[in-house]
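When we follow this note's numbering, the leftmost residue of the sequence shown carries the number 79, and every step to the right adds one.
It cannot be assumed that every hint is accurate.
[As the list claims (entries may be wrong)] Calculated cross-link-like contacts (lysine to aspartate or glutamate; reagent style EDC-like; alpha-carbon spacing at most 20 Å):
| hint | residue 1 | residue 2 |
| --- | --- | --- |
| 1 | Lys241 | Glu167 |
| 2 | Lys229 | Glu213 |
| 3 | Lys229 | Asp188 |
| 4 | Lys229 | Asp178 |
| 5 | Lys241 | Glu165 |
Because the hints were derived from the structure by calculation, they are not lab data.
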Amino acid sequence: LAASLSDQAIAEAEHFPRLNLSASGGLQALDLNDLVDTGSEVFSITPIFTWRLLDGRRIEAEIAVADARTQAAAAQYEATVVNALVEAENSFAQVTAARDRTAQQVQSLDSNQEIVALQELRFTAGDINRTELIEAQLDLVQAQDLLETRKTEQATSLVRLFKALGGGWISSTRDS
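Based on the sequences and whatever the hints tell you, model everything.
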């Protein structure tokens with residue numbers, strides 16, 4: 079965007095005349111031995127005046143092209159910013175949802191642990207058979223596994239949010 083704004087300013091500057099100064103210096107003598115004498119120095123300053131006076135329509139066209147490029151760059155920049163905001167908002171929503179699912183799974187795990195403890199008491203008392211106790215223990219293991227999955231999802235969503243907000247890290251490579 080900054081480059082296209084600069085190009086537009088350059089195009090608009092073509093309306094105005096330019097004045098360039100050229101300077102040169104040196105030594106001049108008819109004899110080689112006279113080159114080192116004072117008075118053999120020669121200096122020149124030449125002004126160069128240019129103006130694209132008759133190129134008015136061409137200049138206007140160049141300005142229009144530069145303006146169109148600036149507008150396109152601004153639109154692209156705006157789209158990039160909007161896309162980044164949408165990505166950050168979506169990532170934040172994913173973090174919130176993952177946190178809620180993890181909290182629900184923690185509650186489910188607590189319930190399963192209570193159920194297993196009660197089933198063990200009932201098994202010891204002889205109220206249920208071993209199959210029912212093993213089924214309760216299996217449900218507990220599945221709840222533990224699902225909790226770890228939820229924690230992984232939560233960590234992954236946090237990384238996505240960090241990335242969406244412009245974060246990153248530099249991986250260091252070690253020479254072996």
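Comparing the hints with the structure gives:
1. Lys241 with Glu167: 12 Å, holds
2. Lys229 with Glu213: With Cα atoms ~24 Å apart, Lys229 and Glu213 exceed 20 Å; violated.
3. Lys229 with Asp188: 16 Å, holds
4. Lys229 with Asp178: Status holds; Cα separation ~11 Å.
5. Lys241 with Glu165: With a Cα-Cα distance of about 9 Å, the restraint between Lys241 and Glu165 holds, given a limit of 20 Å.
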